[in-house]
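With chain A held as given, fit chains B and C onto it using these hints.
The lines below spell out each chain.
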Amino acid sequence: MANEQFEPRIVGFLCRWCSYTGADLAGTSRMQYPANLAAIRVMCSGRVDPTFVVKALKDGADGVLIAGCHPGDCHYSEGNYKAMRRYPMLLNLLDQFGIECGRVRLEWISASEGERFAEVVTEFTEQLKALGPLNWQESISALCTGT
Amino acid sequence: MIRENQEHRIGVYVCHCGTNISHTVDIEAVVEYARTLPDVVQVREYKYMCSEPGQDLIKQDVEEQKLTRVVVSSCSPLMHEETFRNACEDAGLNRFLFQMSNIREQCSWVHSDRQKATEKAKRLIAAAVRRVHHHKSMEQREAPVHPDALVVGAGIAGIEAALKIAEAGRKVYLVEKEPSIGGHMAKFDKTFPTLDCAACILTPRMVQVGQHPNIELMTYSEVEDLSGYVGNFKVKVRQHARYVTKDCTGCGECVSVCPCEHPSEFEMGMSTRKAIYRSFPQAVPNWFTIDKRGVPMCEDTCPIHTRTQGYVNLIAQERFEEALKVIRDVNPFPAILGRICHHPCESECQRGEHDEPIAICALKRFVADWEVEHNLHPEPVKAEANGKKVAIIGSGPAGLTAAYDLARKGYALTVFEKYAEPGGLIRWGIPYFRLPREVLDREIDWVLGHGIKLKCNSALGENGLTVDKLLNDGYDSIILALGTTKGLDLGIEGEKLPGVVNCLDYLAHANLQGSVETGKCVAVVGGGNAAVDSARTALRYGAKEVMILYRRTRTEMPAISAEIEAAISEGVQIHFLVNPVEMIADSSGRLTKVKCQKMQLGEPDKSGRRRPVPIEGQFVEFPVDQVILAISQLPDLDFLVKDEDFDLTKWSTLAADPDTCETGKKRVFACGDAVTGPSTVVEAMASGRQAATAVDMYLSGEDLETLRGKPHRPHALPLMDNVRRPELPQQKRVEIPLDPDAGITLKEVEKTLTAEEAIKEAGRCLVCGGCSDCRVCLDACEVGAIDHCMDDTVRELDVGAIIMATGFQLFDSTVVARYGYGKFDNVINSMEFERLSHASGPTGGKILTKDNKPPEAVAILHCVGSRDENYNEYCSRVCCMYSLKFAHLVKEKTNADVYNLYIDMRAFGKGYEEFYKRVLGEGVHFIRGKCAEVTKVAECQEEKDKLIVVVEDTLLGVTRRLPMDMVILSGGLTPGRDTEKLSRIFGLNCAQGGFFLEKHPKLAPVDAISDGIFLAGACQGPKDIPDSVAQGAAAAAGALSLIDKGKVIIEPITAEIDEEQCAGCQLCIANCPYAAIDYDEEKKISVVTEELCKGCGTCVAGCPSGAAGQKNFEDAQILSEIEGILAAN
Amino acid sequence: MAKPKVAFYWCASCGGCEETIVDLAEDILKVVEAVDIVLWPVALDFKLKDVKAWKPGEVAVAFINGAVRLSEQEEWVKLLREKCSLVVAFGSCAHLGGIPGLANATTRDEIIANKYLRAPTVNNPEGTVPQEKSKVNGFELELPNFWKDVKALDEVIDVDYYLPGCPPPFETVATAVNAILENKLPPKGSVIAPEKALCETCPRNESKPDDLTITSFKRLATSTPDPEKCFLADGFLCMGPATRGGCGERCINGNMPCRGCFGPTPDVLDAGLKMLSAVASRGAADTEQASQDFADSLVDPLGTLYRFSLPVSMLRRRLVPTGDNQ
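Listed in order, the protein sequences are those of chains A, B and C. Note that our numbering has the first sequence beginning at 1, numbered continuously upward. Note that our numbering has the second sequence beginning at 1, numbered continuously upward. Note that our numbering has the third sequence beginning at 1, numbered continuously upward.
Since the hints were made in silico from the structure, they are not lab data. Accuracy of the hints is not assured; some may be wrong.
So these bits of chain A aren't anywhere near chain C, every CB distance computed over 12 Å [claimed, not checked]:
#: 1; residue: S29
#: 2; residue: R30
#: 3; residue: D49
#: 4; residue: R86
#: 5; residue: N92
#: 6; residue: G102
#: 7; residue: S112
#: 8; residue: E115
#: 9; residue: E126
#: 10; residue: N135
#: 11; residue: S139
Lysine to any residue pairs mimicking SDA-like chemistry, simulated, CA-CA at most 20 Å apart [to be verified]:
#: 12; chain 1: B; residue 1: K1002; chain 2: A; residue 2: T28
#: 13; chain 1: B; residue 1: K234; chain 2: A; residue 2: P133
#: 14; chain 1: B; residue 1: K999; chain 2: A; residue 2: G132
#: 15; chain 1: B; residue 1: K116; chain 2: A; residue 2: G132
#: 16; chain 1: B; residue 1: K116; chain 2: A; residue 2: E123
#: 17; chain 1: C; residue 1: K229; chain 2: B; residue 2: E1081
#: 18; chain 1: B; residue 1: K1002; chain 2: A; residue 2: S29
#: 19; chain 1: A; residue 1: K58; chain 2: C; residue 2: E74
#: 20; chain 1: C; residue 1: K229; chain 2: B; residue 2: A1070
#: 21; chain 1: A; residue 1: K58; chain 2: B; residue 2: E1123
#: 22; chain 1: A; residue 1: K58; chain 2: C; residue 2: S207
#: 23; chain 1: B; residue 1: K116; chain 2: A; residue 2: Q127
#: 24; chain 1: B; residue 1: K999; chain 2: A; residue 2: S29
#: 25; chain 1: B; residue 1: K325; chain 2: B; residue 2: K236
#: 26; chain 1: B; residue 1: K981; chain 2: A; residue 2: P133
#: 27; chain 1: B; residue 1: K1083; chain 2: C; residue 2: S207
#: 28; chain 1: B; residue 1: K116; chain 2: A; residue 2: P133
#: 29; chain 1: B; residue 1: K1084; chain 2: C; residue 2: E249
#: 30; chain 1: B; residue 1: K999; chain 2: A; residue 2: E123
#: 31; chain 1: B; residue 1: K1084; chain 2: C; residue 2: E74
#: 32; chain 1: B; residue 1: K1084; chain 2: C; residue 2: S207
#: 33; chain 1: B; residue 1: K236; chain 2: A; residue 2: S77
#: 34; chain 1: B; residue 1: K520; chain 2: B; residue 2: K325
#: 35; chain 1: B; residue 1: K1084; chain 2: C; residue 2: M256
#: 36; chain 1: B; residue 1: K1002; chain 2: A; residue 2: R30
#: 37; chain 1: B; residue 1: K1083; chain 2: C; residue 2: E195
#: 38; chain 1: C; residue 1: K229; chain 2: B; residue 2: Y1079
#: 39; chain 1: C; residue 1: K78; chain 2: A; residue 2: C144
#: 40; chain 1: B; residue 1: K1084; chain 2: C; residue 2: P194
No residue lacks a Cβ here, since even glycine has one placed at the ideal position from N, Cα and C.
Next comes chain A alone, as it looks inside the complex (with noise of 0.2 Å):
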């Protein structure tokens, strides 16, 4: 249910090294991009546990966003290989939990990509306002009461 006036709620994970620089770097650049993503900063994407993921939507994200530095220019050399493997694996298990495998997202984005984050977030944004919001709150209680 496309709504125009929905704005999706987004958390970001970004890795410290590369996609935060990345991200920061869009902002020293004045890059344009919408306000629906918040970032949360870690050291690496290898330290995106998949619960932070759940736990963001079920609080209420539309989305998720995890990027990390490009596959082999991890800073700390394997750990977006393990976000890498984690991802198609999450989706899978949301998918059966009825969560649109489009509201979860792995990006590689590098220090140097400032542009690149705005076109991801700028995208992922209208993607989800095109998948609408996931309320899972809401959702969740109708389901979870008696009659």
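Using the frame of chain A, we list chains B and C on its own:
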């Protein structure tokens, strides 16, 4: 919500950042909102929180309001986190009880909708406030800083950095991958805008580096690995073998004797250098380097490892005697092997990948025959006797090679031979028409001339000559090189009929007696060289019809291909896929027919050849009156195995150790066909050499075990790819001349090459090994500084700080195909022009076209590969100025018209605009427009044979066609070739364009993202010499301030494992790339070694039981941040 | 002194938990000697009215097994809560939702349709499905309400202790009963099982390689695990690293990977996600495609990772688009 029971007093500080934040974010609304957040007792806003008064606000509140937590909402934590943490600490609050939210870079600067940006700022502040509840006091770790520094790259920036640090009294390792320091600047002619000569200002600095007691120069070296952390790095540096030691005086005698030439990298391929070379005369260090790229395939494949490229390249230079010396170093039989070797080297020759392999074998024969023709008699080198005696049984190629090797080491040799004359199989097995007797005799005599005693008619096992007797007679060691003398039977009916002979008997008879009984219609069974030799011999002794019966096909035939061709051309018929099953006689008992089973090819066997399998019920018969069996041979060892110390293998050969050649009897070694089974001559020689080496080591008391499993050196690499070289023309190999008079007689069929043919053929060698390994330089070097067996060394360095000064590479202009670079002769790039204009360059500083004429018109195209979205979008900063310099130099040195085609002129540096004006005044034409193409398609007479530069003059609005003699492409600067590899090794990030990223573009331009690593020069982005030098000095200052502080603070964000919860599942151990987690066998839990942990937290996210945590990035902290973001509004 | 009174009750359960009591064999007599069993539907006939007649707090402890899905079950457990001093969630279903909890991966209508309409053995041309109220021969019949989802016991009533396991091993039952009899009770809300994960006591933990990597997941339906090797190292998803120990490694000893019936270790928000993160980290994949293939080799992640705990997982159940008839 994740709750923490403790009550907190939180202060929130919202920064306006001038108007940077406040122009988009409604500060007042944010402040109001912050006041509603749990446990927030103080909220303030201020114009510049990071300023002194801003920080004082925080300090004051911490003290007066007894704040227990602080949140600052301002810019990125990457910018000011440290500032505010320090402020907290100054006020007595632990620095980690602080959290920052980024409402500038990630909010006010990227959003324009005031309402939405304000909402987002609220979310970010709520996240920080919730998070900070869970913060804990932590102590920072301190680590000492190693006082030494590493500079990677010794161009002008690296040189400057190294000198500055060294001058401050600190030790510097300066690592440079090229043989000399100096980088690009060493190649430049003049420098803009002052036009002083680059060498004049650079070389004194280079010398200073070379001589500085605090600088350890590591040239021809590369960093392979980096570990550790700021202040305590461990660096692994590979020093490539340069094959010349530091005893080198730089005299250059070696260069004059070296036969190999390669395009000079330093001269951009416009002239050549030798395989032993020094990039340029002022190189530092001033030692030479040998360009070895691995063992060439020809040398590696040769069983005796003849240094093929060595003699081939000497032949190319008409240095035939030296060539022979190279051959005889390992091979006493150049004339013999030059005729009959199966030359596996030629099938591996890299030239064969391009057109046809070098005729290596024929070249070897050529020099050997040339020596005879010129009546030269090289003196056998006699070594000083070492007093030890060795007996060799058998004078075939294996025995004689062993004797040759040992004699040259001073052993007293006696060779015992069963027959009347020496040579073994090469004498009685190889026909005259392939190997004339006089050639054989001459070379054997020459070997024996090394002081070797020969005893003919002395067969082991006869007349009391036994192994034990020889050992008793005072021989220190014995080598058995007995060969194979027994022909194998087929084991079929009719084999004992008269008319069926073995090839060994047949050939021996023919070769030793000069005559042999031969039928009219002869069948030879087999596919090896003995079969082909037998067939061709039969033709020569009266057979009318000769056929070879072979059970597989031509592809599997082991005989030398050229020999098979020769046999066919002489009329020998070959029947493939037939296998004799019966010899049939007529009633009088005379052989009349051979009956064969028809075969087909099945699965490949162990040798890789497809196994022949019978086609059931299909037979064919051939009428014959003689059959020669050339199946295989075996050694005749019956007499030997009576001695129980000797054993036979299951293949009936003599048992000997494959690596050490030892037999079951002490002091007795064995080699050759008797051990290996039938092989080729050169293989037998290799076996003899192996035995000689073993005996020498044994008698010198060395450990034979070291002979096992010797590592192979790497093969030759593909052709040079680093320098543009002209398209290598296709050139067929020389044809082996045949003697038209020989016919089918005993006369030698093949002829030797003429000197012209040989020189031309040898010239085809690509010297893929870089150095040909002829080793003539060894003699030329008076100080003995050359060592052809040097190995790379790997050193581990401990350093506290690292400076990257790895420079740039010139944009590859071939990519812009429309400019014709690499296609048209006189389109050159800027580095090529630098060398062309340089007084010590390929033309001695004359600016000439490829046909050595001064150009009449020259165009200089700016921005090639820069400011172009198809290639690189950035401006390379130096091209405008060096293009002006080029224009000036061309004007100065020629009478040419000079055209500069520019987009914009960028003359921003000190004195640059003045230089632009000066060149403008020199009559150079300036056209504003980007060149569309460079073509040779003439449209009028005056364009004929010219390079036509097509450009739109955007000031005049017309398209112009300019006929030119030379076009210089002012290519941009691109990241160095190894940038990506280096960024991985050093954990650096690359910015747009691929250059190393600095920590902050303005405030930390020489700091890399990773602490303790600094950037200098063009590796950080295109820059000119003054800027590179300035950065070198700045980076040195950064490194020195780190080193002189003597300690570094390490963020305590490591992982930790809760003993009470860890069940010892160990999954975290595999997840850690730093081996920072170990399994404690006693406690049965995983334990983190804090010093090794870098704090990525990957193990934490991968811990299934929740026992692992990461300090300051704890689950509770991140989860509450999520709650904060989503709870707002 | 009067013997303390004990009640057993079952909700949505398979009866396996009752087996644990039966497994006591003749020791049951000792139990009966020590306590007075006042309710045990599987063995003894008591009615709702009997229970209603109890005084609040009169019964010392109720052991309730099974998940809660019917209004009738709700009524019973609320009643027991009122009358009993202590309530113990007995077994995985009461503790975590258990196997019946997997029904949360589908909808009520789907379940009814499968059971009464679509199953190949069903002959139901009129399409009769159970109704809460129906009239037969003039009589109004009532069935309990069948909830939209399955709940663990503590989502319906306050629970004092949890005895995990499917079924709980009787050693832990004995421990719990003794603790109650001797009044040596742990803090309210405790799970009567060790805090550490199963790996601690797993006989195969020693065989675990330092660089454990999983190329792709094997399934028990098509492969047999190596009886000596750590299941994960052998490519089978074993929930042991994320599951409390104390079960006596019953499955492991039967060459069956741990399926998680003892539930998550303390402080873990969601054991399924933790396990997913742990095994995915050890995948052998180095490209996005390989990671996808690796993920796809884990068939039915939801059923595997939440076999016993779906109703208490963070996401509780499958979301169904609003507007669908549930």
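Status of the hints after comparison with the structure:
With a least CB separation of 28 Å from chain C, S29 (chain A) remains clear of the 12 Å interface cut-off, as annotated. Listed as outside the interface, R30 (chain A) is consistent with that label: its C-beta sits roughly 32 Å from the nearest C-beta of chain C, beyond the 12 Å cut-off. At roughly 6 Å from the closest C-beta of chain C, the C-beta of D49 (chain A) falls inside 12 Å, breaking its exclusion from the interface. With 12 Å as the threshold on Cβ separation, the claim that R86 (chain A) sits away from chain C is violated: the shortest Cβ distance comes to roughly 4 Å.
Residue placement check: N92 (chain A) does not keep its beta carbon more than 12 Å from all beta carbons of chain C (closest about 5 Å). Every Cβ of chain C is farther than 12 Å from the Cβ of G102 (chain A); the closest lies at roughly 14 Å, confirming the non-interface assignment. The non-interface label for S112 (chain A) is consistent with chain C: the shortest C-beta to C-beta separation is roughly 21 Å, beyond 12 Å. For E115 (chain A), the non-interface assignment is confirmed: its Cβ lies about 22 Å from the closest Cβ of chain C, beyond the 12 Å cut-off.
Distance check on E126 (chain A): its Cβ is at least 21 Å (rounded) from any Cβ of chain C, clearing the 12 Å threshold; non-interface status holds. A beta-carbon of chain C comes within 12 Å of the beta-carbon of N135 (chain A); the shortest separation is about 8 Å. Not every C-beta of chain C lies more than 12 Å from that of S139 (chain A), the closest at about 5 Å, which undercuts listing it as non-interface. With a C-alpha separation of about 11 Å, the suggested pairing of K1002 (chain B) with T28 (chain A) holds against the 20 Å cut-off.
For the given pair, K234 (chain B) sits about 52 Å from P133 (chain A) by alpha-carbon distance, which is inconsistent with the 20 Å threshold. Under the criterion of a C-alpha separation no larger than 20 Å, the hint pairing K999 (chain B) with G132 (chain A) is inconsistent with the structure, at around 39 Å. With a C-alpha separation of about 19 Å, the suggested pairing of K116 (chain B) with G132 (chain A) holds against the 20 Å cut-off. A threshold of 20 Å between alpha carbons decides the hint, and for K116 (chain B) with E123 (chain A) the separation of about 18 Å falls inside it, so the pair holds.
For the proposed pair K229 (chain C) and E1081 (chain B), the alpha carbon gap of about 18 Å is at most 20 Å, so the pair holds. Simply put, K1002 (chain B) and S29 (chain A) have alpha-carbon atoms about 13 Å apart, close enough for the 20 Å limit, and the pair holds. Between K58 (chain A) and E74 (chain C) the CA atoms are separated by roughly 27 Å; this puts the pair beyond 20 Å, and the hint is violated. With a C-alpha separation of about 17 Å, the suggested pairing of K229 (chain C) with A1070 (chain B) holds against the 20 Å cut-off.
For a cut-off of 20 Å, the pair hint linking K58 (chain A) to E1123 (chain B) stands: about 10 Å separates their Cα positions. Distance check on the hinted pair: K58 (chain A) and S207 (chain C) sit about 38 Å apart at the alpha-carbon level, beyond 20 Å; violated. For the hint pairing K116 (chain B) with Q127 (chain A), the CA-to-CA distance comes to about 19 Å; that is within 20 Å, so the pair holds. For a cut-off of 20 Å, the pair hint linking K999 (chain B) to S29 (chain A) stands: about 15 Å separates their Cα positions.
Annotation: proposed proximity of K325 (chain B) to K236 (chain B) is violated, straight-line Cα distance about 41 Å (limit 20 Å). With a C-alpha separation of about 44 Å, the suggested pair K981 (chain B) and P133 (chain A) falls outside the 20 Å cut-off, and the hint is violated. A distance of roughly 17 Å separates the Cα atoms of K1083 (chain B) and S207 (chain C); the hinted pair therefore holds under the 20 Å criterion. Restraint check for K116 (chain B) and P133 (chain A): satisfied, since their Cα atoms lie roughly 18 Å apart, inside the 20 Å limit.
Between the alpha carbons of K1084 (chain B) and E249 (chain C) the distance comes to roughly 17 Å, so the proposed pair stays at or under 20 Å and holds. The straight-line distance between the Cα atoms of K999 (chain B) and E123 (chain A) is roughly 28 Å, outside the 20 Å bound, and the hint therefore fails. Between K1084 (chain B) and E74 (chain C) the CA atoms are separated by roughly 44 Å; this puts the pair beyond 20 Å, and the hint is violated. For the given pair, K1084 (chain B) sits about 13 Å from S207 (chain C) by alpha-carbon distance, which is consistent with the 20 Å threshold.
For the hint linking K236 (chain B) to S77 (chain A), the alpha-carbon distance of about 17 Å falls within 20 Å, and the restraint holds. Restraint check for K520 (chain B) and K325 (chain B): the C-alpha separation of about 47 Å exceeds 20 Å, so the hint is violated. For the given pair, K1084 (chain B) sits about 23 Å from M256 (chain C) by alpha-carbon distance, which is inconsistent with the 20 Å threshold. Of the supplied pair hints, the one linking K1002 (chain B) and R30 (chain A) holds, its CA atoms being roughly 16 Å apart against a limit of 20 Å.
In summary, the hint linking K1083 (chain B) to E195 (chain C) is supported, as the alpha carbons are separated by about 16 Å, within the 20 Å threshold. For the suggested pair K229 (chain C) and Y1079 (chain B), the alpha carbons sit about 18 Å apart, so the restraint of at most 20 Å is met. Straight-line distance between C-alpha atoms of K78 (chain C) and C144 (chain A) comes to about 18 Å, which keeps the hinted pair within the 20 Å bound. Pair hint K1084 (chain B) plus P194 (chain C) holds up; C-alpha atoms about 15 Å apart against a cutoff of 20 Å.
Consistency note: the structure conflicts with the earlier hints numbered 3, 4, 5, 10, 11, 13, 14, 19, 22, 25, 26, 30, 31, 34, 35.
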